[in-house]
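Visitor: Throw the hints in and build the complete structure from the sequences for me.
Chain order of the listed sequences is B and R.
Be aware that the first sequence starts at 1, since it is given in the working numbering, and climbs by one per residue.
Be aware that the second sequence starts at 1, since it is given in the working numbering, and climbs by one per residue.
Among these hints, one or two may not hold up.
[What the hints assert, rightly or not] DSBU-like, lysine-lysine: derived pairs with alpha carbons at most 30 Å apart:
#, chain 1, residue 1, chain 2, residue 2
1, R, K430, R, K418
2, R, K385, B, K60
3, B, K15, B, K284
4, B, K197, B, K5
5, R, K414, R, K385
6, R, K418, B, K60
7, R, K373, R, K413
8, R, K414, B, K60
9, R, K48, R, K115
The hints are simulated quantities; they were obtained by calculation from the structure and are not laboratory data.
Predicted model, so just to flag it, every value in this text is computed and none were measured.
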Amino acid sequence: MYNKKIRGPLVEGNKTLGQITKDVILPMDVRPGMWWFIAFGVSLLAALFGGYAIYMTVYKGIGTWGVNNSVGWGWEIVNFVWWIGIGHAGTAFSIFLLILRQKWRTSINRAAEAMTVFAVLSAALFPALHMGRVWLAFYIFPYPNTRGPLWVNFNSPLFWDFTAITAYLLISASFWYLGMLPDLATVRDRTTSKIRKALYGFFSLGWTGSSRHWIRYESLSFILGGIAAVLVVSVHSIVSTDFAVGVEPGWHTTIFPPFFVVGAIFSGFAMVMTLMVLIRKVYKLTNYITDNHMDAIARILIFISLIMGLAYLTEIFIAWYSGNEFEMFTFFRNRITGDYEFQFWGMIICNAFIPQLFWFRKVRRNWIWLLVVSLSINVGMWLERYNIVVTSLSKDFLPSNWVSYSPTIIDIGVFVGTIGLFACGVLLFMRYIPMMAISELKSVANIGSKKED
Amino acid sequence: MLYHDYLKANWEKVYFQFSKSSDFMNFWNQSLGNGVFNYTIPVGSPLKFHGEELSGAMKSVPVANENGYEVIISESVALGTGMHANNPWLMELPDPVSRQCWENVAAISPGDAQKLGIESGTLVKIAEGLILPAFIQPGQADGTISVALGYGHTGSGPVCNNIGVNLYPFAKLADGNRSYGFVTDKLENTHKNSQLALTQVHYLMEGRPIVRETGLSEYLNNPAAGNEQHSEFESTHKSLYPEIKYDGFHWGMAIDLNACIGCNSCVIACQAENNIPVVGKQEVINRRIMHWIKIDRYYSDSPDDPKVYFQPLACQHCDNAPCENVCPVSATNHSSEGLNQMAYNRCVGTKYCINNCPYKVRRFNWYRYTNNKEFDFNTASDLGKMVLNPDVTVRERGVVEKCSFCVQRIQEKKLQAKLENRTLKDNEIKTACMQACPAGAIVFGNLNDKNSMVSKLFDDPRRYHLLEELHTLPSTGYLTKVRNDEKLNT
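Guide: Take a look at the structure:
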């Protein structure tokens with residue numbers, strides 16, 4: 001059981017239940033500061049740049065990207081895997097911490113789930129755009145048709161991938177939205193604006209807060225949570241099979257599914273930390289997202305960072321131990337040394353070394369440090385995906401096919417665009433949706449302070 | 001009329017003497033009517049070898065002093081003298097050795113390059129008005145520079161205009177002879193760079209058994225010399241899946257690395273047969289050349305005196321094809337005759353197959369190459385499109401394509417045999433590359449017929465498969481290169 005004396009209160013400042021509602025809803029009631037409009041403008045510009053890049057890609061062709069005859073997947077797949085990884089955080093937070101009875105998740109899970117939805121949406125753009133003929137993307141749906149019927153190739157990891165991501169997006173979006181119902185109803189009940197009343201009233205699906213509602217709400221949460229828990233593990237395992245099923249050196253490894261899942265949770269938690277540091281700073285929510293919360297995330301990150309380091313070492317060891325010359329070349333002469341050593345060492349330093357700073361209590365409790373380390377983890381995880389996707393393809397079996405890869409402005413544009421899209425989504429979320437699960441916060445507000453706890 | 005008179009006079013002077021006719025006009029009209037005049041040169045021709053004059057000729061070849069450079073002007077392998085420079089196929093055909101296309105370059109030796117700090121692509125000034133990108137050519141003698149003719153046109157057509165430098169002004173007339181070479185005392189590094197359109201950027205095999213090679217004496221002792229690994233892989237051949245059986249035909253191809261001279265005829269033949277688009281210099285630089293068959297060139301030994309290897313590489317039509325397994329829409333699949341085939345209409349262009357092909361022989365339509373003014377080579381105009389083969393689909397933007405073993409030719413001959421109520425004969429079906437190969441290095445046929453030429457070549461102990469260790473089970477086999485080193489060494 002949670003011991004407040006040891007781990008501190010989950011909600012600081014002796015808040016009453018009414019105050020909690022007021023504090024959480026405040027950002028929605030007041031006009032946001034200038035910073036919000038500037039941030040939203042910049043994000044929108046980035047998203048528009050992405051829109052232009054996507055237009056060029058679809059109008060002219062994949063030729064506008066940096067990919068070529070040997071490196072068939074480039075930045076777009078790197079970004080896809082990166083975003084999907086980030087998209088793991090919300091569900092991992094909600095489900096795993098729920099299973100592990102970590103009550104401190106309550107103030108963070110709503111934002112983390114929102115992040116998941118926007119990240120998975122950003123991620124889902126890439127595989128679609130990556131198709132040479134995106135207007136025929138529906139070929140990948142296994143639907144009965146008049147062409148034979150001609151089915152999809154059930155052996156292809158890309159098909160599994162499509163299925164897994166669609167399922168994950170649906171489940172995490174429903175989990176997030178249905179979890180919001182009581183809070184949307186709270187907003188509906190408090191607002192004086194007619195438009196808001198109508199909108200939030202519609203989206204709260206007639207929530208009255210009756211016991212019957214609560215029972216159904218709880219059981220639905222458990223069912224969706226149970227499905228989502230499996231999906232957290234399956235999505236990135238399946239994404240990893242895009243590579244692990246391939247024959248390319250550096251791809252064809254059995255370590256990939258767990259390695260990818262852990263990596264995904266790593267980048268997801270780091271992104272949660274980045275956002276939480278910013279949210280508690282700009283909205284002054286330090287009473288709810290306390291230093292102890294940040295401390296807990298930091299501790300998890302150290303642990304995962306050690307797993308990541310171990311995974312990198314295992315990969316390198318197995319490459320050597322297998323005696324396979326292609327694997328050896330990829331790891332030792334195209335990653336550790338060679339054209340892509342910057343990306344490799346960047347990954348090692350960002351993912352395995354810098355998070356070790358969290359061993360120090362002072363680092364865990366300093367928001368600038370938290371921001372720096374969490375951002376560096378996200379950079380490191382991006383580099384990891386770059387290492388996997390690009391280095392393996394650029395120099396594989398036949399040296400006559402060896403080429404180098406560099407992105408074009410359109411590649412960069414699509415990436416910047418998805419960052420813009422993600423940021424727009426998060427900013428709108430901050431403005432129009434209660435950032436924390438009010439009802440859940442209330443349930444833990446006094447936890448650990450009464451005797452029966 | 002002037003040229004007509006000149007031609008007539010020449011015929012009267014040169015060929016009329018061999019004619020049986022006594023009247024020249026009669027002979028002229030008859031020859032014109034026939035379109036050809038056959039004649040035999042009488043035996044005992046007065047032509048004979050004059051050794052002493054050879055040294056005279058050698059004397060007129062300019063020789064550079066110690067710090068100077070000899071510039072050798074040679075015909076380009078692709079464009080020849082430049083007569084066909086406006087042909088986009090030839091413009092994009094890489095030189096067999098340098099593997100570079102779309103312009104002429106100054107090939108310099110690795111030693112000279114190091115001395116002057118020149119890299120491939122650095123613009124060098126060789127003479128007044130002659131600035132070319134340098135290309136470091138292993139095997140080029142120090143103190144020499146080779147440049148190809150046939151470039152630098154200004155009014156010959158949209159493809160070749162203003163591409164490369166015209167070398168004819170530098171091939172001066174001396175004593176009534178044209179001298180394809182000159183001496184220069186400078187090779188100036190301008191410290192400016194340009195990008196070369198290279199179709200291969202790595203030269204070494206990195207110790208991998210890609211082109212297997214043996215010496216003549218070893219081969220005579222043991223015909224499997226240099227190919228020891230093949231039997232090793234063959235003996236460990238195992239699969240969890242039931243082996244695929246081909247009841248009718250099983251198409252296969254044997255490529256004799258000993259016969260291949262690297263001329264690139266197969267590349268052009270394939271391009272003509274299969275409507276392969278030309279993509280232009282920038283896209284070649286972006287490593288997106290579309291050729292379905294290419295001739296890889298590797299070097300070994302020292303850069304000053306390298307051994308050179310050629311290896312034609314097209315789709316291997318693997319029986320265990322890694323590309324087929326990963327396509328989400330089954331656009332690439334296996335035929336009952338062992339062909340790895342592409343359904344262009346089904347392809348959505350995920351490029352997963354490109355990545356998972358260990359031979360990297362799949363090509364993607366990065367842009368729309370037809371009816372597109374940005375790729376104004378031969379398929380943007382109605383006239384240019386006359387060159388297209390009506391038997392082969394022109395591919396849309398966004399689909400993957402690759403060697404089909406000329407499936408249209410296979411189908412045509414099968415149909416013909418069926419209509420004539422007979423079985424197919426060996427060698428009746430010739431792929432475009434096989435038909436064009438002057439060295440007979442490429443043989444295509446039915447592997448199920450034990451008497452076919454390709455089956456016999458597959459029984460040769462020299463036969464191996466590329467990347468056998470991956471167990472892709474290719475239908476294309478290579479025959480070890482046997483090098484006659486003894487002769488060279490003595």
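Visitor: Identify every previously stated hint that the structure contradicts and give their numbers, smallest first.
Guide: 4, 6, 7, 8 and 9
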